[in-house]
Amino acid sequence: MTVIDCQNLKKRYKRMNALEDITFQLEDQKITGLIGRNGAGKTTLLKVLAGFIRESSGDVKVFSNNPYNNLRVSANSILVDDQMSFPDSLTLADILETAPDFYKRWDAELATNLFRYFRLNPKQLHARLSKGNKATFNMIFGLSTRCELTMFDEPTNGMDEAVRSDFYRALLKDYIAHPRTILISSHHLAEMEHLLEDILLIHKGKVVFHQSLEEVKEYAVALQGPTNLVEKMTAGKEILHTKQLDSQRKYVVIRREDLPLIEGVMIYPVSASDVCMYVTDDRKGGIDDVFK
Amino acid sequence: MSNFAMLSILPFLGILFIIWRILRVAKSTSNRFNWSQRLNKWVLYIYVGILLLAAFVYELISANGDEIVAPKEYTMLKTENKVFQQAFENNEESKFDPNFLVEEWTQELEGDTLEIISIGSNFPTERLNIEWTDSKEQLVEVKMYKTHSYMDGINLGEEIPLSKIEIKDKQIILKAPPHKELTYYRFSNELAALSIVDSLDVREQRRVLGYTYIYLKVPKHINVIDKDGLQFY
Amino acid sequence: MDLNSDSTKPIYIRIAEWIENEIIADRFQSDEKVHSQYQLADLFNINPATAAKGLTILVEQQILYKRRGLGMFVALEAKSMILEKRRNETLTQMAMELVLEARRLSVTEEELIQLIKKCEGEQK
Amino acid sequence: MFLSNSTLGEVVRTQVKFKMNAYLGTLVSLVFVQLLGLVFSMNGTSSMSTNINNTDIQVVVVSTDTVFIFVAIWALFIGNVITTKGYRNSNLSFVTNSFSNNLSNIIVLIMMSVFAGVTTFLSNNILRTVLPLFNNVDYVKSVSIIDDPLGSIINMGLLICLILMISAGGYLWGTLVYMHKAYMFLLIVLIIATPTTKTGQMILQFIFVDNGSLLFLIVKLIGVSIVLFVLAIVCSNRLEVRR
Chain A
1 MTVIDCQNLK KRYKRMNALE DITFQLEDQK ITGLIGRNGA GKTTLLKVLA GFIRESSGDV
61 KVFSNNPYNN LRVSANSILV DDQMSFPDSL TLADILETAP DFYKRWDAEL ATNLFRYFRL
121 NPKQLHARLS KGNKATFNMI FGLSTRCELT MFDEPTNGMD EAVRSDFYRA LLKDYIAHPR
181 TILISSHHLA EMEHLLEDIL LIHKGKVVFH QSLEEVKEYA VALQGPTNLV EKMTAGKEIL
241 HTKQLDSQRK YVVIRREDLP LIEGVMIYPV SASDVCMYVT DDRKGGIDDV FK
Chain B
1001 MSNFAMLSIL PFLGILFIIW RILRVAKSTS NRFNWSQRLN KWVLYIYVGI LLLAAFVYEL
1061 ISANGDEIVA PKEYTMLKTE NKVFQQAFEN NEESKFDPNF LVEEWTQELE GDTLEIISIG
1121 SNFPTERLNI EWTDSKEQLV EVKMYKTHSY MDGINLGEEI PLSKIEIKDK QIILKAPPHK
1181 ELTYYRFSNE LAALSIVDSL DVREQRRVLG YTYIYLKVPK HINVIDKDGL QFY
Chain C
2001 MDLNSDSTKP IYIRIAEWIE NEIIADRFQS DEKVHSQYQL ADLFNINPAT AAKGLTILVE
2061 QQILYKRRGL GMFVALEAKS MILEKRRNET LTQMAMELVL EARRLSVTEE ELIQLIKKCE
2121 GEQK
Chain D
3001 MFLSNSTLGE VVRTQVKFKM NAYLGTLVSL VFVQLLGLVF SMNGTSSMST NINNTDIQVV
3061 VVSTDTVFIF VAIWALFIGN VITTKGYRNS NLSFVTNSFS NNLSNIIVLI MMSVFAGVTT
3121 FLSNNILRTV LPLFNNVDYV KSVSIIDDPL GSIINMGLLI CLILMISAGG YLWGTLVYMH
3181 KAYMFLLIVL IIATPTTKTG QMILQFIFVD NGSLLFLIVK LIGVSIVLFV LAIVCSNRLE
3241 VRR
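Residue numbers (our numbering), protein chains in the order written: chain A, 1 to 292; chain B, 1001 to 1233; chain C, 2001 to 2124; chain D, 3001 to 3243.
Since the hints were derived computationally from the structure, they do not count as laboratory data.
Cβ atoms here follow ideal geometry from the backbone N, Cα and C, with glycine treated the same way.
Check the hints yourself; a few may be wrong.
Unchecked claim - Simulated pairs of lysine-lysine, DSSO-like, Cα-Cα distance not exceeding 27 Å:
1. Lys2066/C <-> Lys237/A
2. Lys3085/D <-> Lys1041/B
3. Lys2066/C <-> Lys173/A
4. Lys3220/D <-> Lys134/A
5. Lys1041/B <-> Lys3198/D
Stated by the list, open to error - Ranges of calculated distance between the beta carbons of each label pair, as one might list FRET restraints:
6. Ser1036/B <-> Ile3226/D: 32 to 38 Å
7. Asp82/A <-> Asn3005/D: 29 to 35 Å
8. His3180/D <-> Asp59/A: 24 to 30 Å
9. Asp82/A <-> Ile1061/B: 55 to 61 Å
10. Asn157/A <-> Ile3207/D: 50 to 56 Å
11. Asn157/A <-> Asn3005/D: 50 to 56 Å
12. Lys1072/B <-> Leu3008/D: 43 to 49 Å
13. Asp59/A <-> Val1048/B: 22 to 28 Å
14. His1179/B <-> Thr3197/D: 36 to 42 Å
15. Asn157/A <-> Glu2060/C: 37 to 43 Å
16. Ser2080/C <-> Leu259/A: 32 to 38 Å
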């Protein structure tokens, strides 16, 4: 069943277009990574999907409803981000006590166990948590709601290394026990790649591709070898990334296709994270061009 | 009206601003302290408890006077006062309400002059009237009356001291009681601000002011000197 | 548990290889149930869909068979099939690489065969 | 896929429960505001004096007016603060939409107004007991709740409705300011303009004066509150909930 259906979704702010043209569909019970560079429109897209802001044009459907101002969507989806705030007067324990009233599938046991594992102080106020602890608490909250559509916007921002891997592990375990649609945005694809089934890559408010992780990994290949040989092999092909290693050797990333093996040219696979980086890079030379 | 309204709005804006600041500061400080929800609840319980207790205790406190609620009763009191005053002015002694009589006595005069002197107050506090009789004797009849005085339900008749009347040979000295201040508190559940016109009326209705009346019966041949002009004519 | 860190291979292939290794090592007998996709996902900290893909490859190669509602089971001839396959594919591949490397290092065919024989001897 | 269906009623009920709990602190601030008002009304709200037989008689009336002014400002503040960004965002961390958020806010404001009205009415009793106990002054037996239950209820209702109307004004104002900062000046202009211009005076006159009975005034106040709340709902329905 389709959980999210976006058709030519646009979101315009006063002076700029945050989302230019977003078209994709999300099937249920998949973990999808929403990948993109800073300012690509990830947060805006998630806010539209959560019903926090209204699309400027186009069509967006979550559970077959327009999410904006929709109770059904609100009751079945949650967006966990660093802007999440709770009343100043409530302690963390109070918040966890209130939540089941709103979320019918709230898993109190999971919430308490995670709460204890991460050693949060139940008497603390949400507003006064440190950045990392706030992210941890929000994550616990988001997981425990068991919402059919659970969205995380940069969930690991501020978390330390250990908590990050714990978080990803907790997310996976809970997903295995209770499969649901999960959308995680991040710019650290590498650290959460293993969790993902699909990748939705957006750039400048447009969808670049929406593919399974394995397809993304096979999207491109890298050739490395003597400049003249590499240039001959890649002539007339779409070059995603190039780098002059030294005066004789060159490193070029192109779309994957069957290439003849040539003596002296090494062929490497390109990681999903690098694919996303190269595809969304408008400057083919990368940062090195600046220092030429 | 416009200027008046402007002037009355300024202090209000001042109060508004002050309370606004207080609430802001209170909010930020309460954020700093870990003011728990349980403490909040207790504050509210205790406050409501105190309010209810106060309402209960108030019923037990003894108070002055009895509130006369019905305006009818005030109207009745007022009419009685009015009737008396009219009769007093017209020298119709037969119509005087005997309930208002405080004192009466007869005094024998020596000469044929009678001087009426008022002391103790800049402003005469009594009202005086003289009925001339045809009697040839030297007897002067003195009657002192006091009409109803009520204010907001208190029977002031008992609280306000009477003038003293002394008669010495040829003089009647009316001594006003010493200056005295009485302050009463009364409480109202109503919002005076909303019904300001109404409440002034209501309060005017609730006020019945009586006087001390002195009625003299003096034989015609006696000469009365009334320097202070106490008499009705 | 970690898969071997040869990260150039897709995860699902590594999952399939891991199950094959388990079968070769006799940790899964014929007609024995193997891990479900969820157990594998939990075990290797990966997405269950990826794990399922690994299992599907093995089903396609008839190393595993599916029993509706019960799970995946090891086929009767699984072990020999895997060995056969590895011999055909993996070993050939490795031999190819060996030959290429030898050529690059200007090792003659004679010398290479000598080397292999020597290695055989050491293992015994 | 299992979707939980929440009806508007259910969501609003849960939100009211949650908000009453979360905003308990505002009721505590009300207590302090009332106590402050009580301190200011110790000297009486109005007094009347007269002189009989050389005796000055002064009757000091202690009414709920002073406390009410303080509570009115509190109500304006609360109606306003509930719409500010912090409160808004924390409301939206739970299931809601704009309409249910407004509806539950309004219900919370009504409940708070009832609490504020009743306590303001009763707060007079604190002075009734405290003043005679600690001040050496005579005082007059005044109408208590038991003496005039019907009148007390009407007065309480009047207080509640006034507070509600003021908080509704604060709510609308807050909603407008959230839409655009320029509306901030609108209220200040309104506050100054209403009592100084002819039309403003006419409106005030229409609402507060010329009332046959207090009950009629109560009905008018409720009407005005409804208008203010509806305007707020209409305005905020066009508003994106989180930026």
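Structure-inconsistent hints, enumerated in ascending order: 1, 4, 5, 11, 12, 13, 14
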